[in-house]
Each structure stands twice: as structure tokens, then as C-alpha cells.
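Novice: Here's the letter readout for the chains.
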Amino acid sequence: MWLKSLMRNKYRYISWIIGFILFVGPFAIIMRIYYYLAGILREPDLHTACFRMPIDWIFSGRIYYIFSYPEMFLFIFAVLITSLILGPIFCGWLCPVGAFSEAISRIIPLPNRYRIQIKDPRITRAIRYGFLTGFIMISILILLGFSERFTAICCWYCASSVLQQITNGIINPIELEYWFSGSIIVLIFWLIIGGIFTVGGRGWCLFFCPLGALSGIIHKIGSKLGFYRTIRIEGKCINCGKCISVCPMQAIDSNFSIERTLCINCKECISRCPNKLYKMIWRSKNASSKIN
Amino acid sequence: MKKVILISFIIAMLITLFSSVYAKDLSKSEIVHFWIAVPAGNITEPITIIKASLPPIKMAPLVIDLDQRGILKKILNPNTEAISTHWIYNIGKKPIRIKLELIEANYPIRWEVKAAWPYDPETHTFTKPLPPGMGIPKLSIDWIFEIPNYYMDEKVIYDGGLLVIDADTNELLTFIPIKLIRGGISQGGGASCG
Numbered sequence: 015m016w017l018k019s020l021m022r023n024k025y026r027y028i029s030w031i032i033g034f035i036l037f038v039g040p041f042a043i044i045m046r047i048y049y050y051l052a053g054i055l056r057e058p059d060l061h062t063a064c065f066r067m068p069i070d071w072i073f074s075g076r077i078y079y080i081f082s083y084p085e086m087f088l089f090i091f092a093v094l095i096t097s098l099i100l101g102p103i104f105c106g107w108l109c110p111v112g113a114f115s116e117a118i119s120r121i122i123p124l125p126n127r128y129r130i131q132i133k134d135p136r137i138t139r140a141i142r143y144g145f146l147t148g149f150i151m152i153s154i155l156i157l158l159g160f161s162e163r164f165t166a167i168c169c170w171y172c173a174s175s176v177l178q179q180i181t182n183g184i185i186n187p188i189e190l191e192y193w194f195s196g197s198i199i200v201l202i203f204w205l206i207i208g209g210i211f212t213v214g215g216r217g218w219c220l221f222f223c224p225l226g227a228l229s230g231i232i233h234k235i236g237s238k239l240g241f242y243r244t245i246r247i248e249g250k251c252i253n254c255g256k257c258i259s260v261c262p263m264q265a266i267d268s269n270f271s272i273e274r275t276l277c278i279n280c281k282e283c284i285s286r287c288p289n290k291l292y293k294m295i296w297r298s299k300n301a302s303s304k305i306n
Numbered sequence: 002m003k004k005v006i007l008i009s010f011i012i013a014m015l016i017t018l019f020s021s022v023y024a025k026d027l028s029k030s031e032i033v034h035f036w037i038a039v040p041a042g043n044i045t046e047p048i049t050i051i052k053a054s055l056p057p058i059k060m061a062p063l064v065i066d067l068d069q070r071g072i073l074k075k076i077l078n079p080n081t082e083a084i085s086t087h088w089i090y091n092i093g094k095k096p097i098r099i100k101l102e103l104i105e106a107n108y109p110i111r112w113e114v115k116a117a118w119p120y121d122p123e124t125h126t127f128t129k130p131l132p133p134g135m136g137i138p139k140l141s142i143d144w145i146f147e148i149p150n151y152y153m154d155e156k157v158i159y160d161g162g163l164l165v166i167d168a169d170t171n172e173l174l175t176f177i178p179i180k181l182i183r184g185g186i187s188q189g190g191g192a193s194c195g
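Listed in order, the protein sequences are those of chains A and B.
Taking the numbering used here, I'd label the letters of the first sequence as residues 15 to 306.
Taking the numbering used here, I'd label the letters of the second sequence as residues 2 to 195.
Keep in mind the hints are simulated off the structure, nothing from the lab.
Here the structure is a predicted model, which means the values were calculated and not measured.
You may find that some hints are simply not true.
Partial chain B-side listing against chain A, Cβ under 8 Å, derived [claimed, not checked]: (1) S9; (2) L18; (3) G71.
What the simulated footprint calls covered on chain A by chain B, stretch by stretch (three residues with Cβ under 8 Å from a Cβ of chain B suffice, anywhere in the stretch; the number is not a length) [unchecked claim]: (4) 26 to 34; (5) 94 to 102; (6) 130 to 137; (7) 144 to 150; (8) 166 to 173.
The list that follows gives simulated cross-link-like pairs (lysine-lysine, DSS-like), each with its CA atoms no further than 25 Å apart [unchecked claim]: (9) K250/A - K293/A; (10) K29/B - K133/A; (11) K281/A - K293/A; (12) K234/A - K29/B; (13) K139/B - K29/B; (14) K234/A - K4/B; (15) K3/B - K238/A; (16) K4/B - K133/A.
Ideal Cβ placement from N, Cα and C applies to all residues, glycine included.
Required output: the full structure, derived from the provided sequences and hints.
Specialist: What follows is the structure, encoded as C-alpha cells:
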């Protein structure tokens with residue numbers, strides 16, 4: 015079954031592999047190129063382009079880290095700008111963290127009835143942005159001097175580090191010997207609960223990724239401005255519900271309306287809909303509002 | 002439905018805040034992060050070094066109580082523990098080639114060093130002199146203690162420290178005492194890398 019699914023959206027899976035090679039060590043091609051051009055000696059890995067630390071630094075008043083880690087800020091900026099214009103394609107097509115958990119979810123043939131699914135995307139959105147608000151509040155509390163009670167959660171619960179550790183462990187198994195509570199919790203929530211036991215396999219992306227949540231907001235703004243987005247057009251729907259069950263972000267509700275802050279433009283609904291009712295458009299604001 | 006959405010939002014936010022408090026508590030006994038300034042002498046009590054152009058550097062002897070680690074760690078991966086630094090600053094007046102040494106280890110301690118600064122893993126030495134007022138860029142050092150089972154029953158599992166030495170003169174620049182114990186109060190470290 016997963017082979018059939020593999021063929022249906024094969025370009026996305028090829029893109030996942032490219033994303034892995036671009037960001038995860040020992041390849042980490044993007045950061046390797048950056049380090050080479052900047053004359054930096056260090057060996058890059060997935061954590062070189064942290065998805066979360068710059069967001070914490072901005073809100074905790076440590077934006078001066080931009081001078082020490084400009085590559086991280088550039089990376090976040092690039093992801094957000096592409097989210098505005100093309101939608102969160104980094105999340106849907108390149109992010110190795112999301113791709114890995116989604117791939118695990120697809121490989122393990124657990125029926126969806128045993129998996130977590132929130133039927134109403136508004137609740138999913140509320141949880142996602144509750145996390146983002148908490149994430150930002152922690153940074154602000156640290157800025158206000160509460161660092162004795164709170165710590166930034168970026169590094170303590172870091173799926174990027176765990177993915178890099180697993181990859182390193184394939185090459186050198188000794189790297190898998192050390193785990194701390196945060197990395198064990200991440201492993202449970204990212205791969206087991208968020209991957210295997212969540213419909214779509216992107217529980218981590220949905221609920222614990224601040225960059226994904228910010229990209230969702232930017233995508234919503236971009237779609238209102240008429241940039242690239244997935245829409246559902248008028249047509250004969252046979253109510254098969256396949257679009258709902260294949261959406262890795264649980265972004266489509268029972269009325270087949272797409273929650274823009276969750277959609278990652280992955281095209282799974284487009285490739286699965288038997289009547290081709292989903293498509294991607296790039297049109298002016300007025301044209302899009304007619305269709306929606 | 003609006004009530005459910007609001008409650009979902011608040012619960013997610015509270016869980017996030019709680020996860021930060023939990024992480025802060027555990028950061029005193031798991032993968033403890035600490036700062037290093039050289040030269041700073043023998044660190045016998047908590048000190049804060051304030052230097053213009055550098056962030057405040059807090060240093061203290063590290064006492065890590067393995068019994069205070071998280072429940073998942075204690076059940077699933079009790080026999081390894083790590084300490085870590087991202088910050089080594091030269092607060093002196095001359096450039097220094099920094100050599101690191103962990104003393105009094107009766108079992109394997111694995112070094113994982115990454116830095117944008119030339120480093121020799123055989124001698125644990127940064128081969129390029131670090132200028133005054135500068136930190137080693139993009140530094141990440143993890144020392145992973147692989148503790149044999151029979152040591153886990155001891156009250157004191159490791160009692161040593163980190164020597165920071167001038168590689169050219171062999172002069173001791175800084176010494177940070179490090180203890181891994183079972184039962185007691187963790188102190189020192191707890192810095193956040195995020």
C-alpha cells in the first residue's frame with residue numbers, strides 16, 4: 015500500500031531525500047557551502063541551521079546572536095519569505111524532521127482508527143498557536159529576568175538534534191549511547207506519538223514546531239495577498255474523504271475547507287482526490303476570493 | 002466550540018510553560034552546560050566575571066546529583082551522563098593556545114568537540130591562539146561519561162575536574178572541579194544553550 019502511495023506523490027519523496035542531503039550531516043550541503051564561502055572550519059550538521067533558536071533569541075532580547083550565527087537567521091528568514099510566496103513548502107517538501115516522522119508513519123501500516131486525529135482543524139490550530147504563544151512567553155520571561163525558573167525549550171526538546179543523533183548513530187553506533195530526558199521525550203513525541211500514532215505522522219510539526227507555526231501565519235497572509243496556495247474548487251465531490259485522511263497536517267475539515275495556517279502545500283490532497291477538486295493557484299486576491 | 006478552542010489554546014500554552022520549568026529543573030543534573038573563562042584560576046565557589054565586550058561569565062564548581070535526573074533518563078539510559086560547554090572565553094591579556102584535560106577518570110569519557118577553530122583531538126588542544134576578549138566561535142563540547150554498573154552504586158561516581166592549560170607553557174589557567182554524585186544537591190552549571 016505504501017508503495018502505491020510512494021508512486022502517487024513521488025516528487026515529494028524525492029524532495030524529502032534532497033532535503034535530507036541538504037540539511038542533515040554528514041552531508042548538510044547548504045551549510046557546508048555557507049561555511050566554505052564564509053571560511054568557517056567547523057563540520058556542519060542539521061543543527062547548524064537551527065529551526066528554533068533564532069526565534070527564541072529574537073523574543074528573549076538576544077538578537078545580537080545574529081553576529082555569531084548569521085546563517086541561522088538567514089535560514090529562518092528564507093523559510094518565512096518562501097512561506098509568504100510559495101506557502102510553507104520547506105515544511106512540506108524539504109524539512110527532514112517532518113519528512114522523517116511522516117515517512118515512519120507511512121511505513122508502519124497502522125490503521126487510522128488507532129491514530130490520533132483531531133477532526134476540527136480549529137482545535138489543531140488552537141493547540142499549535144498555544145504552543146507558539148508559550149514558546150514566545152518563555153523567551154519574554156527570560157528577557158524579564160525569570161531565567162532561574164524558565165529555560166528556552168529549543169535545545170532541551172530538539173527533534174533536529176535527535177534526527178542528527180540517529181543519523182550519526184547509523185554511521186557510528188556509539189553516538190546512540192547517550193540520551194537525556196529531553197531527547198527521550200522528543201523521541202516519544204516526535205516519532206512514536208507524533209509519527210506512528212498521529213494521522214499524517216506530523217504531530218511534532220503540528221504542535222511543537224514554532225517555525226512551522228510562524229510559516230503557517232505567513233502563508234495565511236500570503237494567500238490573502240494572492241500568493242501560491244492550495245484551494246478546493248467547485249465540482250462533484252463523492253464524499254470519499256480521502257483528502258481528509260491523507261492530509262498530513264489534518265488541515266481539511268469535514269466540510270472540505272482548508273485551514274490555511276496548517277496547510278503546507280504538500281499536494282497530497284491534489285494527488286489523491288479522484289475528481290481533481292483540489293489545485294494550487296497563484297492569482298490575484300480578487301480572483302482567489304471568488305473561488306474560495 | 003469556541004470554549005473548546007480557547008481551552009485547547011490555554012492548555013497547550015500551559016504545557017509549554019511547564020515543559021520549560023521541567024527542563025530548567027533537569028538542566029541542573031542532566032547534560033549540564035557551563036561557561037569557561039581563562040585565566041580564572043581554581044574555581045572554588047560561584048563567581049561571575051564581567052568584562053566589557055563579553056557576556057557575563059558565571060562559573061562554579063559542578064556538583065551533579067544523578068538521582069535528580071528525570072524519571073525517563075533514570076529508567077532508560079542511567080549509565081551515561083554528559084556535561085557540555087559552548088563558551089570558552091579568553092579574559093586575559095595575551096593570546097592563548099588552549100588545552101583541555103579531564104582528570105581522575107576511572108572509566109571512559111567520550112569527547113565530542115565541534116568548533117570553528119582549529120582543534121587537535123589527540124591532545125585536546127585548540128591549536129590556534131585565542132586572542133584576548135574573544136570566545137571560541139561556534140563551539141560545542143560534550144563530555145560523555147560512560148559509567149560502569151558497579152560505579153552506579155557508589156555515593157561519588159566521579160570526583161575530578163576540568164583543567165584548562167596554556168598549551169605553550171603548560172601553565173594551569175583555570176580549574177573547574179566536577180563531581181558526579183548520588184544523593185545530594187546539584188550546583189553550578191544549568192546554563193541554557195538556547
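Novice: Given the hint that K234/A pairs with K29/B, does the C-alpha gap stay at or below 25 Å?
Specialist: Between K234/A and K29/B the Cα gap is close to 41 Å, so the pair fails against 25 Å, i.e. violated.
Novice: So is the segment 130 to 137 of chain A in contact with chain B by the C-beta rule, three or more residues under 8 Å, or is the coverage claim wrong?
Specialist: holds (count 3)
Novice: At a threshold of 8 Å, is the proposed contact between G71/B and chain A supported by beta-carbon distances?
Specialist: With Cβ-Cβ at 3 Å, under 8 Å, it holds.
Novice: Under the criterion of a CB-CB separation shorter than 8 Å, is S9/B in contact with chain A as hinted?
Specialist: holds, 4 Å
Novice: Do the alpha carbons of K281/A and K293/A lie within 25 Å of each other, as the hint requires?
Specialist: holds, 8 Å
Novice: Quick check on the hint: L18/B CB to chain A CB, less than 8 Å?
Specialist: holds, 5 Å
Novice: With a C-beta cutoff of 8 Å, work out whether three or more residues of the segment 26 to 34 of chain A approach chain B closely enough for the coverage to hold.
Specialist: Coverage by chain B is violated for the segment 26 to 34 of chain A (0 residues, Cβ < 8 Å).
Novice: Hinted pair, alpha-carbon criterion (25 Å max): K4/B, K133/A. Please report holds or violated.
Specialist: holds, 16 Å
Novice: Do at least three Cβ atoms from the segment 94 to 102 of chain A come closer than 8 Å to Cβ atoms of chain B?
Specialist: violated (count 0)
Novice: Okay, the segment 144 to 150 of chain A and chain B, do three or more residues pass the C-beta test at under 8 Å?
Specialist: Check passed, 5 qualifying residues.
Novice: Can the restraint linking K234/A and K4/B be considered satisfied, given a maximum Cα separation of 25 Å?
Specialist: holds, 23 Å
Novice: How does the segment 166 to 173 of chain A fare against chain B when you require at least three residues with a CB closer than 8 Å, holds or violated?
Specialist: holds (count 6)
The structure is inconsistent with the numbered hints 4, 5, 10, 12, although it conforms to all the rest.
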